[in-house]
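What follows is the residue order along each chain.
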Amino acid sequence: MRLEYFQLIDRIVDISLADRKISTVATVPTVSTIFEGHFPGHPLMPGVLLIETMAQTSGWLVVAANSFERMAFLAAVKGAKFRTFVTPGQVMSVTAQLTHDGSGYAVTEASIAIDGKAVCDATLTLRILKFPNEEMKLKMRETAARVGFPGEALANA
Amino acid sequence: MSSTFDTIANIIAETCDIPRDSITPESHAINDLGIDSLDFLDIAFAIDKAFGIKLPLEQWTQEVNDGKATTEQYFVLNNLAARIDELVAAKGA
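Taken in order, these protein sequences are the chains called G and C. Residue numbers are given in numbering that gives the first Met the number 0: position 26 of the first sequence equals residue 25, and the series is strictly consecutive. Residue numbers are given in numbering that gives the first Met the number 0: position 51 of the second sequence equals residue 50, and the series is strictly consecutive.
There may be inaccurate statements among the hints.
Only pairs whose alpha carbons sit at most 30 Å apart, straight line, appear in this in silico DSS-like list of lysine-lysine [claimed, not checked]:
| no. | chain 1 | residue 1 | chain 2 | residue 2 |
| --- | --- | --- | --- | --- |
| 1 | G | 136 | C | 53 |
| 2 | G | 77 | C | 53 |
| 3 | G | 80 | G | 116 |
| 4 | G | 116 | C | 67 |
| 5 | C | 48 | G | 129 |
| 6 | C | 48 | G | 80 |
By construction, these hints were calculated from the structure, which means they are not laboratory data.
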């Protein structure tokens, strides 16, 4: 997890466009200035960053489903539940299921678990738009390669 | 069985917290009911699910932006209902 770059996903574990689902791993860093304030003496991964982790996982699925030609932007978060604390160093397993592929938007059911125990979940809506510029499109593909996006998915993009 | 308009109106009332009796077939979703694009995503999602279709929002938006259609054609509710009926019929064809 590169918190300072807001890149929260370490690795794509599995992605299936046929089943419309994705699994990723995101390890919470042991050290971050975020934990100095949230909270002093009791470091916790902020809930908004758990949502962002689920959004980025969902985003990779939606971007892949759009052949890396369009970008996903978080538009709505519904029913978010945070069931337990997440602390520095914990390894999060993140999943997202595309439940609706609309015109210009997508809806996912996303969740995070640690050691098989449910941590949080939410229903996310993402807008699907053209990349605003070629630079962003290229950077997304570079990041996709870094997080281990399946080669065939990138090759077909 | 409720009409397409009734289904849409109920979805809008529930999604946007708009009094149901203020929603008429002549209402323009944007100009009269003040529904913004984010709320319309929720409405589109509910309509897609209710009717088993995919509202072609991007195509409609493009047509409006290109001057090939007016917002009234798609966002006045009786017109929206007609478009939905067409999509449902096309799905079953």
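Cross-check of the supplied hints:
With a CA separation close to 27 Å, the supplied pair residue 136(G) and residue 53(C) stays within the 30 Å bound. Restraint check for residue 77(G) and residue 53(C): satisfied, since their Cα atoms lie roughly 21 Å apart, inside the 30 Å limit. For the suggested pair residue 80(G) and residue 116(G), the alpha carbons sit about 14 Å apart, so the restraint of at most 30 Å is met. Taken as a hint, the residue 116(G) and residue 67(C) pair is broken in the structure, with Cα atoms around 53 Å apart against an allowance of 30 Å.
A hinted pair counts as satisfied when its Cα atoms are at most 30 Å apart, and residue 48(C) with residue 129(G) qualifies at roughly 25 Å. The hinted pair formed by residue 48(C) and residue 80(G) meets the criterion: a straight-line CA distance of about 24 Å does not exceed 30 Å.
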